[in-house]
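> Sequence:
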Amino acid sequence: MYHAMALDLPHWAIKALGKICKGYLWCGRGDAQGGHCLIAWSKVTRPKELGGLGISDLQRLNMALRVRWLWLKKVAPDKAWASLPIQSSEGVKALYSLAMSTEIGNGSSMLFWEDRWLFGQRIQDLSPLIFGMVPKRISNKRIVGNWQPQPTILSLSLVPHRPLLELGFLCHPNSSSASPPLSMAKTSKSHCRWGHARCV
0 MYHAMALDLP HWAIKALGKI CKGYLWCGRG DAQGGHCLIA WSKVTRPKEL
50 GGLGISDLQR LNMALRVRWL WLKKVAPDKA WASLPIQSSE GVKALYSLAM
100 STEIGNGSSM LFWEDRWLFG QRIQDLSPLI FGMVPKRISN KRIVGNWQPQ
150 PTILSLSLVP HRPLLELGFL CHPNSSSASP PLSMAKTSKS HCRWGHARCV
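For what it's worth, numbering that gives the first Met the number 0 labels the leading residue of the sequence shown as 0, then goes sequentially.
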């Protein structure tokens, strides 16, 4: 379990562990032949409410545990390990990005270019060509500073790149102007959402 939290398990390891699980379930030992398996393993690993036994699919479990590190780094930046680089596969990064969105507060914990805060999406997804023109040292910047009184006008510290950003808004089919609609938090602190659940 601890290895699965820290590493992307290789296919051979997942297959070997799965073989042990199947053997224990079907015949009480570490190895089971094909004739011992009563139903397909994909059905066994389904949730109980979907007719399965609720046994975890090891590949999905590994991915979920790896995504957890990215989530904790976002919502608990005071952890001792939070400043360390986390190596994640593209699949893990994609799942994290798809499930996590941001409700804007003061912007101190939000990555302006890479978090999902605009139309429920990331700027790099809405306007990939525009995002590609932004230097890497800028694309991973956080929003720090204050919002202007009007909730639809953003006071950017990234002034040189604002024309690019406004062009991206105009290119989006849901945008009628260069001023993006913002989801403003009632408190000064930004909040993250995992799926439909809000987490402080």
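Please keep in mind that the hints were generated in silico from the structure rather than gathered at the bench.
Think of the CB as a built atom: it goes at the ideal place given N, C-alpha and C, for glycine as much as any other residue.
Do not take every clue at face value.
Claimed, not checked - Quick list of the computed label-pair ranges, beta carbon to beta carbon: (1) 193 to 47: 31 to 39 angstroms; (2) 120 to 18: 36 to 44 angstroms; (3) 70 to 23: 39 to 47 angstroms; (4) 38 to 74: 33 to 41 angstroms; (5) 78 to 12: 22 to 30 angstroms; (6) 9 to 132: 36 to 44 angstroms; (7) 50 to 13: 21 to 29 angstroms; (8) 76 to 41: 15 to 23 angstroms; (9) 39 to 84: 37 to 45 angstroms.
> With reference to the structure, classify each hint as holding or not holding.
We went through each hint and held it up to the structure:
| no. | hint | verdict |
| --- | --- | --- |
| 1 | 193 to 47: 31 to 39 angstroms | 22 angstroms, violated |
| 2 | 120 to 18: 36 to 44 angstroms | 41 angstroms, holds |
| 3 | 70 to 23: 39 to 47 angstroms | 31 angstroms, violated |
| 4 | 38 to 74: 33 to 41 angstroms | 39 angstroms, holds |
| 5 | 78 to 12: 22 to 30 angstroms | 27 angstroms, holds |
| 6 | 9 to 132: 36 to 44 angstroms | 37 angstroms, holds |
| 7 | 50 to 13: 21 to 29 angstroms | 23 angstroms, holds |
| 8 | 76 to 41: 15 to 23 angstroms | 38 angstroms, violated |
| 9 | 39 to 84: 37 to 45 angstroms | 39 angstroms, holds |
Against the hints set out earlier in the document, violations occur for numbers 1, 3, 8.
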